[in-house]
Amino acid sequence: MYRLGIDVGGTNTDAALLDDQLSVIHTVKVQTTKDVESGIFNAIKKVVEESKIDRRSIKYAMLGTTHCTNAIVERKRLNKVGVIRIGKPATTSIPLFTDWPEDLREKIEAASTIISGGYEFDGRLISELKKEEVLDFCRESKGNVESVAISGVFAPVNKEQEQIVAEWVKDELGDIPISLSHEIGSIGLLERENATILNAALMTTGQLIVNGFAKALRELDIEAELFFSQNDGTLMNDVYALRYPILTMGCGPTNSIRGSARLSGVQDAMVLDAGGTTTDIGVLSNGFPRQSSLSVNIGGVNTNFRMPDILSIGLGGGTCIRESNQLITVGPDSVGYEITQKAILFGGDELTASDVVTRLGQAFEGHEEQVAHLPIDFCQQVYEKMTEMLEDAIDQMKTSSKEVSLILSGGGSVIVADSLKGVSNVIRPDHYDAANAIGAALGQVSGEIERIYSLTKLSREDAIRDAKKLATEEAMKAGADESTVSIVSVEDIPLAYLPGNALFIRIKAVGDLVS
Amino acid sequence: MRYIDEQAIEKIALGAAVLGTGGGGDPYIGKLMAKEAIRKYGHVTLISLDELRDDHLVAPVSGMGAPTVTIEKIPSEHEVTAPLETLEKVTGRKVDAVMPIEVGGINSLFPIIAAAKKGLPILDADAMGRAFPEAQMVTFHLDGFEPSPVTMADDKGNAVVLYPKDGVWSERLARVLTIEMGGSSSVCDYNLLGMDVKTSVIPDTLSLAERIGEYLLDNQVKEQLRINKMLEELKGHRLFEGKIVDIERRLSGGFTRGTATFEGIRDSYGRTFTLYFQNEHLVAKEAEQLLCTTPDLIAVLDIETGFPITTERMKYGARVVVVAFPCHDKWRTPKGIETAGPRYFGYDFDYQPVGELLKER
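Each protein sequence line maps, in turn, to chains A and B.
For what it's worth, the UniProt record's numbering labels the leading residue of the first sequence as 1, then goes sequentially.
For what it's worth, the UniProt record's numbering labels the leading residue of the second sequence as 1, then goes sequentially.
It is worth saying that the hints were derived from the structure and are not from the lab.
It is possible that part of the hints are untrue.
Stated by the list, open to error - Pairwise CB distance ranges (calculated):
#1 A:Val426 - B:Gln289: 33 to 41 Å
#2 A:Val426 - B:Arg172: 56 to 64 Å
#3 A:Lys402 - B:Glu360: 42 to 50 Å
#4 B:Tyr163 - A:Glu473: 45 to 53 Å
All C-beta atoms, glycine included, are put in the ideal place defined by N, C-alpha and C.
Work out the full structure, taking the sequences as your base and the hints as a guide.
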C-alpha cells in the first residue's frame with residue numbers, strides 16, 4: 001500500500017511516494033504548468049514510472065495546490081455569489097462587502113441582504129428567522145447567482161439557523177452550492193463572512209481542482225482515495241473540498257514544515273525552507289507548524305484564516321551579490337529560476353549566493369572551475385554576511401534563547417552553513433527538496449470545535465472535557481482512526497468585561513487516516 | 001473647528017488602539033462603522049473645548065460589553081444613537097454635542113458614528129485620556145459629578161433609563177443589564193453642561209489619537225523609527241523589547257485578568273519582563289522591579305509594524321516593543337490614584353510615576 005503526495009508551487013510541482021510506514025520511496029520535481037493540471041499529471045506520471053511501483057497499490061492520493069490563491073489574486077473563474085447575513089436588527093451598522101477591493105466585489109457580488117435572526121453569545125435568539133425575507137431575496141436574485149454564502153451571528157456557537165436558511169434557499173433556488181460560515185471560520189463575523197463569500201466564489205475552482213486531480217489519476221490508472229491539503233496541515237476528502245475549496249489556501253508552507261518533521265524524525269525544531277529568491281523560516285511545534293496570530297488578508301480581503309507563522313527573508317540560492325566601495329550587499333534581488341543561465345557557476349555573469357558557496361567548496365561539485373577566479377577572502381566575507389542574516393532571522397523566530405535544532409529543506413538550502421549561532425544541530429534530511437510533497441502525503445485528518453460555555457453550572461475542566469469529546473468526534477467524522485486521535489490544541493479565552501463567567505473554548509483533534 | 005473624514009478615522013482608530021493600552025476593544029469594527037457612517041451621512045465636525053458653549057448639553061456616547069461579543073454581534077445602526085434619543089426624551093432638551101467617554105479602543109469611534117448620524121459636533125476631549133475597564137474611572141467621577149440619568153440601549157430595540165446614586169452603582173447596574181442585552185450595549189452617562197465639561201475633561205485627546213495614528217502610518221519613516229518619533233512627540237518611554245514566552249489568562253469578577261511573560265530581545269536581550277493586565281495593561285515589571293503602573297499608560301506594539309496589539313490578541317511567540325506614557329495629571333491626584341491606581345486593582349504597592357521609576361533603573 002502506498003500514498004502519493006503532490007504539491008503545486010509557483011515554480012515546481014513536486015510528487016512524493018510514501019509506503020504504509022510513511023517512509024519515502026521516491027520523489028520527483030517537474031515544472032508547474034500554466035494550467036496547473038498538466039503539471040500535476042506530469043509529476044504523478046514521472047514518480048510512478050521512475051519508482052516502478054504497482055500503481056494499483058496506491059491507496060491514498062493527496063494534493064496541495066495554489067489554485068484558489070491564484071483564482072482570487074488574479075480574479076479569475078470566480079462565481080457570482082448571493083450573500084445572506086443572519087442578524088437583523090444587529091449588525092446593520094456595517095454592510096456586507098465592507099472594506100473589500102472594489103474590483104473583487106464587482107466580480108463576486110450578485111446580491112446581498114441582512115435578514116432577521118442570529119444568536120446571542122449564550123445561545124439565546126437575537127430574533128426569529130422570517131421565511132418571507134429569505135424567499136423574497138431568492139426570488140429577486142434568481143438567475144443571477146451561481147452560489148450562495150450564508151453567515152449568521154454566533155453561528156459557531158449554534159449552526160441551526162444557517163442550516164434552516166440553507167434549506168429554504170434550496171427550496172427556492174434548487175440545487176445551488178451553498179457555503180455556511182460555521183463550517184469555515186471562528187468567532188469574528190466579518191472575517192468569517194468574508195471567507196465564506198470567497199469560498200462561495202471558488203466553487204468552479206474547487207471543481208477544477210477535484211475533477212482535474214481525479215482525471216489525472218484515472219488516466220494514469222490509479223484508483224486511490226482523493227484528499228486535499230488544508231492550511232492547518234491536515235486533509236479533507238473530495239466531497240468536502242468541493243464544498244470548501246477555500247480551505248486549501250496556504251497549504252504550501254504548512255506541508256513543507258510537516259514534511260520536514262517527518263523526514264528528520266524531529267517534532268520540535270526550526271524549519272528553514274530556502275528557494276531561489278527567499279528563505280522561509282517556520283517553527284515546528286509538537287509536529288505542527290506554529291500558527292501566526294495575525295488574521296490573513298487574501299487578495300485584499302480580511303479573513304480569519306490562520307496561517308503558519310513564517311518569516312521570509314530575501315536570501316536564496318539565486319540572490320545577487322554586489323560590492324561597491326568595499327561594501328558587500330546581499331540581495332534582495334535574485335536571478336530566480338534563471339539561475340541555471342545567469343549564475344557564474346553555470347557559465348553566466350551574475351554573482352549569486354550559490355556561486356559563493358561553490359567557491360568555498362560546499363556545493364555544486366564539478367562547477368569549481370567556473371568560480372575559481374573569485375577571490376576566496378571575498379567569498380568568505382560574503383558567506384559570513386549571509387550566515388549572519390540567517391542567524392538573525394532564526395533568532396527572531398525563537399521564543400527563548402535556548403538553542404534549537406534546524407531542519408533544512410528546499411533546493412536553495414545549500415547556502416546554509418553547518419554551524420549557526422543559536423542552533424544546536426543542523427539537519428539535512430534525505431529528499432529535503434521535496435519536503436512539501438511529502439508533507440502533503442502525510443495525511444492526517446482533524447476535527448475542530450469552538451463554543452462558548454457558561455461556567456455558572458459547569459466547571460472549566462468539565463467544559464474543556466466536553467469540548468475535547470466533540471472535537472474527537474469531528475475528527476472521526478473526517479475519517480480518523482479513533483485510536484490515533486489526539487488533541488493538538490486547546491485554547492480557552494474568558495469573555496472580557498462580562499460577569500457570568502462565559503468561556504470561549506476552541507479545540508482541535510487530529511488523527512491518522514484509517515489504514 | 002475642523003472636520004473628521006474617512007482618512008482621519010483610519011488614524012484615530014490606530015492611535016486609539018495605542019491609547020487603549022491593550023484594552024477598550026479592537027477598534028477595527030468601530031473604524032468600519034465610523035467610515036460607513038461618514039460615507040452615508042457626511043463628515044463630522046470636531047470642536048475644541050474653547051468652541052464649546054457653557055449652556056450646551058454634552059452627551060458622552062460609548063459602548064459597553066465584551067469585545068469578543070462586538071466582533072461577532074456587530075452593533076445595529078440604531079443602537080448607537082438610541083441612548084441619545086432616550087436622553088433627549090427624559091431630559092426634555094436637545095443634546096448639542098457628543099464626546100467620547102474614553103479615547104482608548106473602540107469607544108473613541110462610537111461617538112463619531114452618533115455625531116455623523118445626528119449631525120452633531122463632537123468634542124475633542126474625553127474623560128479618561130486612555131482606556132479603563134470600569135465606568136466610574138472617569139475624570140467626571142474624580143471631580144464629583146454624578147452620572148445620572150444614564151440611558152442605555154441594545155441592538156434589539158430595548159432602551160433603559162437608570163438613576164444610579166453614583167458612578168460605582170452606575171457601573172454595577174449597567175454591566176448586569178449589558179449581559180441581559182446580549183453582552184453589548186450603548187450608553188450615555190455623565191451628561192453635563194458645557195461649563196462643567198470644560199472643568200473636568202482631558203482636552204484634545206481625539207487629536208492626540210489622530211497624531212499617534214499619523215506617526216505610525218507614516219510611510220516616509222521606517223517602522224522602527226516611527227515608534228521613536230511617536231515616543232519623542234508624546235514624551236513616552238520605551239520600556240523593553242521582548243518575545244512573549246508565556247501568557248496566562250483567568251476570569252475574575254467578569255474581567256479577564258492575566259499575566260504575560262517576556263524574554264528580552266535585541267537591546268533587552270537576556271532580561272525577563274512581566275506585564276499584568278485586567279483587559280487593559282496595568283503593571284510592567286522587570287524581574288521584581290516596577291517599570292510602570294496604572295494609571296500611567298502601557299502599550300504593546302508589534303516590533304515590525306509598530307501597530308498596537310490588544311491583550312486578547314497577545315499570543316505566545318509575538319515579538320513586541322512595550323512602551324509607556326505618563327497619564328494626565330488628574331489621575332496623579334489622591335482621588336485619581338484611589339480610583340485607578342495599583343491598589344484599586346489589587347496590587348500591593350503604591351503608584352509611582354513612570355518617569356521616576358525609570359530614573360531609578
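Status of each hint after checking the structure:
1. A hinted range of 33 to 41 Å holds for the C-beta pair Val426 of chain A and Gln289 of chain B, which are about 39 Å apart.
2. Against the hinted window of 56 to 64 Å, the Cβ-Cβ separation of Val426 of chain A and Arg172 of chain B comes to about 60 Å, which satisfies the hint.
3. One distance hint, 42 to 50 Å for the beta-carbon pair Lys402 of chain A and Glu360 of chain B, is violated here, with the actual separation near 31 Å.
4. With their beta carbons about 51 Å apart, Tyr163 of chain B and Glu473 of chain A fall inside the hinted range of 45 to 53 Å.
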